[in-house]
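Colleague: One letter stands for each residue in the lines below.
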Amino acid sequence: MMKDLTNPPIDRIDGRMKVTGGAQYFADFDLPNTAYCVIVGSEIARGSIASLDTKKALGAPGVLGVFTHQNMPPIPGWDAPVGGEADGPAPKPKTEETYRILSSPKILFDGQPIAIVVADTFERATYAASLVKATYTKQPTRTDLHKHVSDGVAPKGAEGGNYLRGKADAYQTAPVTLEANYTIPVEVHNPMELHGILAHWTAANTLMIYAKTQGVNATQQAMAQAFKLDPKNIHVHTEFMGGGFGMGLRTWPQETAVVAIARKINRPLKLVVSRSQMFTLVGHRPYTVQTINMGADRDGKLIGIAHAATAETASYEDFTEATVNMTKFMYACPNVSTRYRLVRLDRSVPIWMRGPGEATGAFALESAMDEMAHKLNLDPIEFRLRNYTETDPEHNRPYSSKHLKEAYQRGAEAIGWKNRKNEPGSVREGDWLIGYGMSTGTFNAFRWEASARILLKADGSLTIQSAVTDIGPGTGTALTMIAHNVLGVPVDRIKVEYGDTSLPKAPTQGGSAIVSAVGSAVYDACTAIKTELAGLALRAGGPLAGQQADELTLADGVLSVEKEPKKKVAVSDLMQANNLTVLDKTKDSKGGPELGKYSMYSFSVHFVQVRVNPQTGVVRVTKAVSVADSGRIVSPKTAASQMIGGVAGGIGMALTEEAIIDHRFGRFVNNNLADYHVAVHADVPAIETIMIDKPDPIINPMGAKGMGEIALIGFAGAVANAVFNATGQRVRDLPITPDKVMQKLA
Amino acid sequence: MNPFQFTRVTTPKAAITAITKENGTYFLAGGTNLIDLMKREVIIPERLVDINKLPLATIEKTATGLRIGAMAKNSTVADHELVKKHFPLLSQALNAGASAQLRNMATVGGNMMQRTRCPYFYDNSMPCNKRSPVQAGPDKGQANGPTGCGAIGGINRMHAIFGTSTKCIAVHPSDMCIALVALDATVNVSGPKGDRQIPFSDFHRLPGDMPQKDNTLQPGELIMSVDLPTNRFSDNSHYLKVRDRASYAFALISVGVAIDMKRGTIQDVRLAMGGVAHKPWRLTAAEAFLKGKPATEANFKQAAALAMQGAKGYGENDFKLTLAPNSIVDALKTAAKTA
Ligand SMILES: Cc1cc2nc3c(=O)[nH]c(=O)nc-3n(C[C@H](O)[C@H](O)[C@H](O)COP(=O)(O)OP(=O)(O)OC[C@H]3O[C@@H](n4cnc5c(N)ncnc54)[C@H](O)[C@@H]3O)c2cc1C
Ligand code: SF4
Chain S
1 MMKDLTNPPI DRIDGRMKVT GGAQYFADFD LPNTAYCVIV GSEIARGSIA
51 SLDTKKALGA PGVLGVFTHQ NMPPIPGWDA PVGGEADGPA PKPKTEETYR
101 ILSSPKILFD GQPIAIVVAD TFERATYAAS LVKATYTKQP TRTDLHKHVS
151 DGVAPKGAEG GNYLRGKADA YQTAPVTLEA NYTIPVEVHN PMELHGILAH
201 WTAANTLMIY AKTQGVNATQ QAMAQAFKLD PKNIHVHTEF MGGGFGMGLR
251 TWPQETAVVA IARKINRPLK LVVSRSQMFT LVGHRPYTVQ TINMGADRDG
301 KLIGIAHAAT AETASYEDFT EATVNMTKFM YACPNVSTRY RLVRLDRSVP
351 IWMRGPGEAT GAFALESAMD EMAHKLNLDP IEFRLRNYTE TDPEHNRPYS
401 SKHLKEAYQR GAEAIGWKNR KNEPGSVREG DWLIGYGMST GTFNAFRWEA
451 SARILLKADG SLTIQSAVTD IGPGTGTALT MIAHNVLGVP VDRIKVEYGD
501 TSLPKAPTQG GSAIVSAVGS AVYDACTAIK TELAGLALRA GGPLAGQQAD
551 ELTLADGVLS VEKEPKKKVA VSDLMQANNL TVLDKTKDSK GGPELGKYSM
601 YSFSVHFVQV RVNPQTGVVR VTKAVSVADS GRIVSPKTAA SQMIGGVAGG
651 IGMALTEEAI IDHRFGRFVN NNLADYHVAV HADVPAIETI MIDKPDPIIN
701 PMGAKGMGEI ALIGFAGAVA NAVFNATGQR VRDLPITPDK VMQKLA
Chain G
1 MNPFQFTRVT TPKAAITAIT KENGTYFLAG GTNLIDLMKR EVIIPERLVD
51 INKLPLATIE KTATGLRIGA MAKNSTVADH ELVKKHFPLL SQALNAGASA
101 QLRNMATVGG NMMQRTRCPY FYDNSMPCNK RSPVQAGPDK GQANGPTGCG
151 AIGGINRMHA IFGTSTKCIA VHPSDMCIAL VALDATVNVS GPKGDRQIPF
201 SDFHRLPGDM PQKDNTLQPG ELIMSVDLPT NRFSDNSHYL KVRDRASYAF
251 ALISVGVAID MKRGTIQDVR LAMGGVAHKP WRLTAAEAFL KGKPATEANF
301 KQAAALAMQG AKGYGENDFK LTLAPNSIVD ALKTAAKTA
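Read top to bottom, the protein sequences are chains S and G. Per UniProt numbering, the first sequence starts with residue 1, numbered consecutively. Per UniProt numbering, the second sequence starts with residue 1, numbered consecutively.
Hint data in this document are derived by calculation from the structure and do not stem from the laboratory. Just so you know, even glycine gets a beta-carbon here, dropped at the ideal spot from N, CA and C. Errors might be hidden in some of the hints.
[Stated by the list, open to error] A few chain S residues that face chain G, going by a derived Cβ cut-off under 7 Å, partial list only:
| hint | residue |
| --- | --- |
| 1 | Gln615 |
| 2 | Thr656 |
| 3 | Asp733 |
| 4 | Thr737 |
| 5 | Pro738 |
| 6 | Gln743 |
[To be verified] A few chain S residues that don't get close to chain G, going by computed Cβ distances all over 12 Å:
| hint | residue |
| --- | --- |
| 7 | Ser42 |
| 8 | Gly166 |
| 9 | Thr183 |
| 10 | Gly557 |
[Said to hold, decoys possible] DEER-style ranges, computed between Cβ atoms:
| hint | chain 1 | residue 1 | chain 2 | residue 2 | range |
| --- | --- | --- | --- | --- | --- |
| 11 | G | Asp195 | S | Glu429 | 47 to 57 Å |
| 12 | G | Asp36 | S | Asp11 | 50 to 60 Å |
| 13 | G | Ala63 | S | Asp11 | 28 to 38 Å |
| 14 | G | Ala305 | S | Ser51 | 53 to 63 Å |
| 15 | S | Lys18 | G | Thr265 | 29 to 39 Å |
| 16 | G | Ala63 | S | Lys421 | 53 to 63 Å |
| 17 | S | Pro73 | G | Lys13 | 41 to 51 Å |
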């Protein structure tokens with residue numbers, strides 16, 4: 001276990017670079033002779049291309065080619081699985097359709113690429129793309145999930161099917177029952193940075209890729225499959241990312257197409273999709289409808305919960321996520337059943353979006369918990385405490401660590417929960433109604449396999465190397481803190497090299513798993529160096545001969561005997577005396593089988609205060625407190641930033657975000673940042689973050705669990721619950737826009 | 001975006017000559033709306049005439065009030081001492097619009113001339129009579145994509161409840177114009193046939209059979225300035241904007257209120273609403289009702305009910321039938337400081 005941090009919280013190590021333009025994102029790379037491409041998207045959501053006129057575009061200045069289903073260069077591994085997901089390239093379950101980019105005139109979703117126009121500049125490619133004209137044979141379009149819920153199919157795989165503990169219908173017989181339906185609309189990640197790729201065939205069979213991917217190794221693997229190459233011949237680089245949020249968790253078909261076209265034209269080729277294409281080409285949070293049935297006794301003990309979710313997916317691919325999982329283990333409830341279904345629609349395929357399915361599910365479960373608490377006339381925290389569980393009821397095993405009770409208590413104090421009245425609609429300030437709400441969040445704490453290399457030089461500087469990409473949370477900063485804590489190297493002497501396949505292999509950044517996975521590898525490699533240094537110092541003739549290894553401490557480049565600080569040796573002297581210019585250790589790290597005895601989760605609690613104008617229905621979040629129980633916090637500042645970002649995203653999810661489809665056409669009508677409303681500064685109040693900061697003794701040597709997802713999971717429920725507390729009205733369909741609130745109060 | 005010619009002019013006369021000479025010529029002011037429309041190919045100009053060098057950005061006192069140049073930036077007007085002091089409604093309305101960056105670029109003339117934000121208008125693959133008008137005629141413009149009205153029977157949550165036609169139910173999206181119509185502004189224009197003045201309430205028009213025409217500006221005319229008459233409203237003005245997020249969103253409903261109050265009685269009042277019609281919507285019946293009456297919630301409610309006569313919802317925007325009168329009452333209460 002890591003000892004206490006020896007330095008005050010550090011700033012993000014790449015912060016200065018990011019705000020001064022020093023950080024190079026994929027699109028910032030310029031290679032000589034680069035060509036640019038622009039995708040022309042379908043204007044229908046279902047049918048086929050009747051005619052496609054590319055003549056004008058081909059004749060436009062600077063155009064190098066227009067690629068359509070008629071002349072798309074072959075992708076030799078097309079029928080290989082569409083790889084690149086976080087947990088490896090799993091073959092997708094068979095659906096009735098297949099989608100291979102630019103392979104047929106068939107149209108399966110709005111915005112589906114029908115042509116890729118290549119020119120010598122981005123502007124010329126853009127103009128030429130506008131000259132491509134298509135006509136279509138339209139078919140009836142199915143995009144409205146509500147109309148097709150009954151077509152739901154049980155997907156294959158771990159997240160499909162049903163779960164049952166106890167009796168499925170036990171809730172029906174409970175003295176107090178609740179049935180409620182919740183809806184989450186399509187949400188789009190919309191990070192600042194647009195998606196894309198720069199592909200360069202440096203030789204016939206070797207490929208250099210700069211991409212917006214959350215995992216360079218995964219992209220390497222996917223391209224190796226698609227082009228039947230040895231992964232060793234593919235070099236992928238993604239050091240910085242202007243926000244990922246899940247959209248970069250797989251290799252998208254257009255990326256593969258760009259690589260194929262680059263080979264054909266024999267030039268480096270760059271694609272940056274447009275903002276409107278961010279709505280159709282790189283996934284989204286799926287529209288999901290949920291029903292919760294809940295039964296409790298009059299003392300507030302849960303008797304049964306049934307949670308059913310139906311989500312949209314594409315006609316050509318089943319995308320699943322863990323929407324109903326939280327319900328299985330969150331509360332001590334003897335009877336729990338869940339059901340998860342997919343409806344295949346004429347839509348592009350979804351992908352995980354921050355907090356993924358768990359955030360969707362938590363909105364329903366935690367809203368329902370609040371509704372039930374109200375029926376029971378119990379304080380919502382008290383209701384949760386009456387159903388608190390110290391062991392995981394789904395798997396019948398202990399949690400590796402859980403300090404949720406403390407999180408409830410500290411969050412409640414910070415928000416001023418005592419000012420909340422259990423009677424809704426009873427607090428007013430002028431014309432505004434005031435309400436408080438809270439909600440719990442949880443997410444798996446993973447321990448994936450990862451490797452890292454540590455180089456300690458005789459001059460006292462240290463380099464950390466790992467292929468992992470930092471999608472924004474401050475991975476480099478966290479790894480720096482871990483190395484600093486093991487080896488005592490001052491943080492300003494530590495350099496991190498990452499986001500490149502030439503470095504030791506690491507998993508895709510996602511699932512809040514990177515500090516645990518890569519951090520453990522860094523920890524192990526640093527520990528190996530420490531052991532070696534100790535060995536050199538302690539051996540016969542060494543400067544600390546006769547001492548014991550466990551008496552040594554290492555700080556600021558000096559190895560010393562803890563109780564006799566005068567007995568010491570500078571690491572640099574030690575290395576020089578042994579003719580060492582560098583100590584170099586690479587470690588592969590993964591959890592042992594003992595982890596299987598525990599359920600490992602991070603937990604969060606979100607508290608908000610809202611003001612609601614009963615005349616206009618306007619809701620403002622006026623205070624937010626988020627508490628994280630995610631083990632040891634290795635980097636306090638970036639951890640707090642994660643929580644703050646989660647709240648900003650959560651406010652968007654709760655109040656503003658919704659990608660709207662006109663189902664007559666199956667197309668989005670607000671696919672831009674003016675009309676798709678992410679929360680802006682004025683929507684986000686001052687946020688207090690609280691870290692429980694107690695190490696998890698099981699998961700990894702740092703005792704750290706992930707927090708990227710829990711920062712968002714549950715937040716929307718807290719807002720909905722606060723709106724109810726303020727008004728006595730329950731909005732079950734996100735986002736909670738003024739019209740919905742105002743109409744309920746009218 | 002399509003290739004186009006670009007000229008820069010320094011005198012209004014040159015601007016008018018340039019735009020009259022060739023079809024498909026557009027003035028370029030801040031560009032915050034026009035450039036977006038060009039990128040989406042909703043408007044495909046042959047030629048842009050950059051009017052940013054015209055000496056039309058001054059804000060000055062006149063014998064009857066204030067004159068604001070057409071090229072004055074939205075942010076400059078909002079922050080101007082005379083505007084803040086004597087026409088706070090205008091300052092509030094401007095600051096409720098768009099974002100700081102956009103307000104730094106947007107001009108008074110461009111703001112008046114901005115097109116609707118109806119999503120069908122912006123998407124050439126969708127039906128829209130405003131973008132692709134049915135009738136032939138001098139104002140036909142470019143037919144771009146299918147005709148029809150996508151919003152009727154479609155996504156129309158943001159759309160109009162007053163003065164609609166079977167051809168178009170779009171709203172004029174400006175906040176600034178709500179204040180200007182409430183404050184009895186006059187628009188000074190100059191054109192090939194000379195100068196003329198247009199009362200602000202006659203500047204924008206209802207869609208009728210010609211939804212492609214947003215306003216009554218004639219071909220070749222340039223907006224020179226806007227005149228505001230002196231008033232007694234500065235102590236009791238309020239601009240309420242109800243929107244989907246706290247900033248940087250168009251109005252679901254907005255209400256501009258300016259009251260001349262004496263000891264709790266409304267001597268005179270101006271009321272206008274945004275987000276409800278194809279033009280800034282002045283509430284004359286409500287104004288007439290309130291004049292001379294005490295500033296009470298009951299009176300505000302009656303005025304709001306009067307204002308709502310003739311309103312009609314189109315499905316998704318039915319909520320405006322309630323939100324609008326609620327907002328009128330809320331804004332009146334705030335302006336009258338009875339809240
Ligand atoms: C994302 C976004 C959000 C926005 N939100 C809001 C909002 O909340 N509220 C709001 O009110 N507005 C909002 N706007 C609109 C903004 O106010 C307008 O785009 C702006 O006022 C237009 O002014 P401009 O000078 O940039 O006009 P331009 O784009 O340069 O021109 C617009 C039109 O006016 C014509 N024109 C310009 N000047 C003259 C003149 N002197 N005489 C004759 N014709 C002229 C041009 O030829 C052109 O057709 C938003 C815009 C964007 C892009
Ligand atoms: S409301 Fe007007 S602008 Fe919108 S689609 Fe209909 S015609 Fe076009």
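Colleague: Compare the structure with each hint and give your call.
Modeller: Evaluation of the provided hints:
Interface hint status for S:Gln615: upheld, as the beta-carbon distance to the closest one in chain G is roughly 4 Å, under 7 Å. For S:Thr656, the suggested interface contact is upheld, since its CB lies about 5 Å from the closest CB of chain G, less than 7 Å. At its closest, the beta carbon of S:Asp733 sits 14 Å from a beta carbon of chain G; the interface hint therefore is violated under the 7 Å criterion. Because the beta carbon of S:Thr737 sits about 5 Å from the nearest beta carbon in chain G, less than 7 Å, this interface hint is met.
Hint status for S:Pro738 relative to chain G: holds, with the closest Cβ pair at about 6 Å, below 7 Å. For the restraint placing S:Gln743 at the interface with chain G, the shortest Cβ-Cβ distance is roughly 5 Å, inside the 7 Å limit, so the hint holds. Not every CB of chain G is more than 12 Å from the CB of S:Ser42 (nearest about 9 Å), against its label as outside the interface. Consistency note on S:Gly166: stated as away from chain G, and its beta-carbon is indeed over 12 Å from all of that chain's, at 43 Å minimum.
Remark: the non-interface label on S:Thr183 is consistent with the geometry, its nearest Cβ contact in chain G lying 16 Å away (cut-off 12 Å). The non-interface label for S:Gly557 is consistent with chain G: the shortest C-beta to C-beta separation is roughly 48 Å, beyond 12 Å. Roughly 52 Å separates the CB atoms of G:Asp195 and S:Glu429, a value that falls within the hinted 47 to 57 Å. The hint said 50 to 60 Å for the Cβ distance between G:Asp36 and S:Asp11, and at roughly 38 Å that hint is violated.
Checked against the hint of 28 to 38 Å, the C-beta distance between G:Ala63 and S:Asp11 comes to roughly 59 Å, which is inconsistent with it. Between G:Ala305 and S:Ser51 the beta carbon distance is about 56 Å. The supplied range of 53 to 63 Å therefore holds. Between S:Lys18 and G:Thr265 the beta carbon distance is about 59 Å. The supplied range of 29 to 39 Å is therefore violated. Taking 53 to 63 Å as the suggested C-beta distance range, the pair G:Ala63 and S:Lys421 conforms, at roughly 58 Å.
In this structure the hint that S:Pro73 and G:Lys13 lie 41 to 51 Å apart at CB is violated, the actual value being about 57 Å.
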